[in-house]
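Asks: What follows is the residue order along each chain.
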Amino acid sequence: MTRLLLASMLTISLAGLVRAQGVSANNSATIAAIHKVQEQETQAIKNKDGAALCNLLADGWAYTNQMGHVMHKAQWCSEMTNGTLYFPLIQHEDVKYHVFGNTVVETGRSTSTMVDHGKVSFGPRRFSITYVKLDGQWKICAYAVSLITNEQ
Amino acid sequence: MIQRILAVSVLVISMSGLLKAQNAQPAYFGPIHGGRGNLLFPGAEEVTGTNAQIEEIKAEVLKSNEERSAAIKRKDKAAILASLADDWAYTNERGETLSKEQWVDDVLDGNLHFLYAQHVDVEWHVFGDSTVVETGRSNSILVYKGKISHGPRRETAVYAKINGKWVQVSLHVGFIPAEQRDFTFPASALPQ
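Top line first, the protein sequences correspond to chains H and D. If you're matching positions, the first sequence starts at 1 in our numbering and goes up one per residue. If you're matching positions, the second sequence starts at 1001 in our numbering and goes up one per residue.
Chain D extracted, bound-state conformation (with noise of 0.2 angstroms):
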């Protein structure tokens, strides 16, 4: 008789979970992160103080990455190149380093797709008036060529104003390990 009932209970928290899995509307397409790719949020900690010309520098960062998120969802591939610096540095958190060109291929041909976007603990660290980088932790599921990742990871992105415009010059994503083999060897593991 419990088996019986443990059984049912079983199915039904099952079923229930399929249901809310239907439901759920992507966050990634909710109003706070509003589209694709690494975004400055408003309100994220500014490490590195605040001052009007701040304020400008990151409304016009802001801008530039709505841009990108825009043309990634119209498919616009000219236009999401142009919101990546040539010869921009990207490394992911399988340790892979891409250029541009082949980002956006992924991107554009479905190699690379979000299921659900979360950026916490974001910060902004802005140096001078044309360098700006943002730190934060990704919680969020992407599908890359059909296997799917959950992360969660670090991320790094570096934006610089180069002839008079903001572009994106670097992404360094990285898993945060929790369970691995580094930094759990003793010191005598050291050669001698």
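Chain H on its own, in the form it takes in the complex (with noise of 0.2 angstroms):
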């Protein structure tokens, strides 16, 4: 388990040398605002801290998944935190970040392991990130995530 978690935490590091490679000069600050509220998101999972994690969501969020489903927020800071949904591995490639002001989308693929309901997801998957500057407060307001059909 130990050994999982070590690489889990490996490939976020090296998901965070990819992301640094797609960052124009113009808009490094607004990029490491963005990575401050990964962090916090990492930080409030790991906590299993539900509270702190919504307060990462604008009001509003959207979020679609591989299989189709959509959620509300209440409902995956729930699932993020009492093991129903989880990660043991994080793995990102081809990450890009696209700035428009005070909104950001991050595009990527993901081959992340995720289990849902004791379901087990490899992927691999496309996902979009929307990013908002609300009240001077970078928030999270929607995830889009799809499964690229012809490596299934």
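I should point out that these hints are in silico values taken from the structure, not numbers from a laboratory. The structure presented is a predicted model; accordingly, all values stated were derived computationally and were not measured. The reader is advised that the hints may include incorrect statements.
[Claimed, not checked] Straight-line C-alpha distance at most 25 angstroms; calculated BS3-like pairs for lysine-lysine:
hint: 1; chain 1: D; residue 1: Lys1058; chain 2: H; residue 2: Lys139
hint: 2; chain 1: D; residue 1: Lys1100; chain 2: H; residue 2: Lys96
hint: 3; chain 1: D; residue 1: Lys1063; chain 2: H; residue 2: Lys96
hint: 4; chain 1: D; residue 1: Lys1165; chain 2: H; residue 2: Lys133
[As the list claims (entries may be wrong)] Part of the chain D face toward chain H, derived, beta carbon under 10 angstroms:
hint: 5; residue: Ala1082
hint: 6; residue: Asp1086
hint: 7; residue: Trp1088
hint: 8; residue: Asn1092
hint: 9; residue: Glu1093
hint: 10; residue: Glu1096
hint: 11; residue: Asp1121
hint: 12; residue: Val1126
hint: 13; residue: Phe1127
hint: 14; residue: Glu1134
hint: 15; residue: Arg1137
hint: 16; residue: Lys1161
hint: 17; residue: Ile1162
hint: 18; residue: Val1173
C-beta atoms are modelled at their ideal positions from N, C-alpha and C, and glycine is treated no differently.
Dock the two chains into a complex; use the hints.
Replies: If you want it as structure tokens, here you go:
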């Protein structure tokens, strides 16, 4: 288990390197702020702190997963912190940040391992995560995830 | 005798299907959808509530979408490109990512066209005064490079107000996999 956790941490760090490669100088401050939100999200999940996790998501947060299911933020925060939904391995590649003022879209390919209600998903998937700056604070406002069908 | 009746019945049903198909008007150009692309439909559920400002934002985003639809109809490449943000983020249901120039070329070259459009379960998510997310389910039938795709799909479109103008900044489309292997692995499939 410890080995798995270390592998996950290493992969997250590597994902950070990949992210950094796609950052232009003009948007570096914005991307740094987004990275901070991502770190807080990871910490909230690690601490099983549903309230802290929900605080990072904008009201009206939109979520669609690779099965075509939609979920509201309260359910997401609950499932991500009560063991219903978890990621033994996180691996993101081809990560790009598209910065549009107060709106940022992060896109990429995920080969993370995901366990949802006891069932395992290996992907690979494509994801788009949207961030918005509201009252001076960056929040996550949408997740869209889909399977890469010709690799299933 | 029964076999003959059955054969005639099958033939009649098949021919009636053909006639229906010939007479069918593509809903894509119907009064509700009104054009191409991803639309924010009037009457869609407003997830983040509504007020005068949100109504104004919705009207502006709708107008921007109508302008893109009109630009596609008249094959106005410059206007279509202008309705999509520079660095537009697009992922299609096959997991491919395309630049806006590639997508527009596909549309204008006829590589991508829609036979039928139907969007349901559409929700509006309005964040502040410059970000709108639209989610929904698409039952549209499209043709991509000669191959037909029936979906169904889930779509997430993001709009942002840039320099006073609403543009689409992202579109993510994914199949709803009714039958596939994902999530069928038991927990014991996890590596030790």
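Asks: All hints are to be evaluated individually against the structure, with a verdict given for each.
Replies: The hints, checked one at a time:
Restraint check: the Cα-Cα separation between Lys1058/D and Lys139/H comes to about 21 angstroms, which is no more than 25 angstroms; the hinted pair holds. The hinted pair formed by Lys1100/D and Lys96/H meets the criterion: a straight-line CA distance of about 15 angstroms does not exceed 25 angstroms. Between the alpha carbons of Lys1063/D and Lys96/H the distance comes to roughly 29 angstroms, so the proposed pair goes past 25 angstroms and is violated. Restraint check for Lys1165/D and Lys133/H: the C-alpha separation of about 18 angstroms stays at or below 25 angstroms, so the hint holds.
For Ala1082/D, the shortest C-beta to C-beta distance to chain H is roughly 15 angstroms, which exceeds 10 angstroms, and the interface hint is violated. Satisfaction of the interface hint for Asp1086/D is found here, the shortest Cβ-Cβ separation to chain H being roughly 9 angstroms, below the 10 angstroms cut-off. Nearest Cβ of chain H to the Cβ of Trp1088/D: about 8 angstroms, under the 10 angstroms cut. The hint holds. With a cut of 10 angstroms, the hint placing Asn1092/D at the interface with chain H holds, because the nearest CB-to-CB distance is about 9 angstroms.
The criterion of a C-beta within 10 angstroms of any C-beta in chain H is met by Glu1093/D, whose closest approach is roughly 7 angstroms, and the hint holds. At its closest, the beta carbon of Glu1096/D sits 8 angstroms from a beta carbon of chain H; the interface hint therefore holds under the 10 angstroms criterion. Contact between Asp1121/D and chain H, as hinted, is supported at the beta carbon level, the nearest pair being about 8 angstroms apart and thus within 10 angstroms. Interface restraint check for Val1126/D: the shortest CB-CB distance to chain H comes to about 7 angstroms, inside 10 angstroms, so the restraint holds.
The criterion of a C-beta within 10 angstroms of any C-beta in chain H is met by Phe1127/D, whose closest approach is roughly 4 angstroms, and the hint holds. At a threshold of 10 angstroms, the smallest CB-CB gap from Glu1134/D to chain H is about 9 angstroms, leaving the interface hint in force. Against a cut-off of 10 angstroms between C-beta atoms, the interface hint on Arg1137/D holds, since the closest Cβ of chain H lies about 8 angstroms away. Here the hint on Lys1161/D is kept, as its CB sits about 8 angstroms from the closest CB of chain H, short of 10 angstroms.
At about 6 angstroms, the closest approach between the beta carbon of Ile1162/D and any beta carbon in chain H falls short of 10 angstroms, and the interface hint on this residue holds. A cut of 10 angstroms between beta carbons decides the hint on Val1173/D: the least distance to chain H is about 7 angstroms, and the hint holds.
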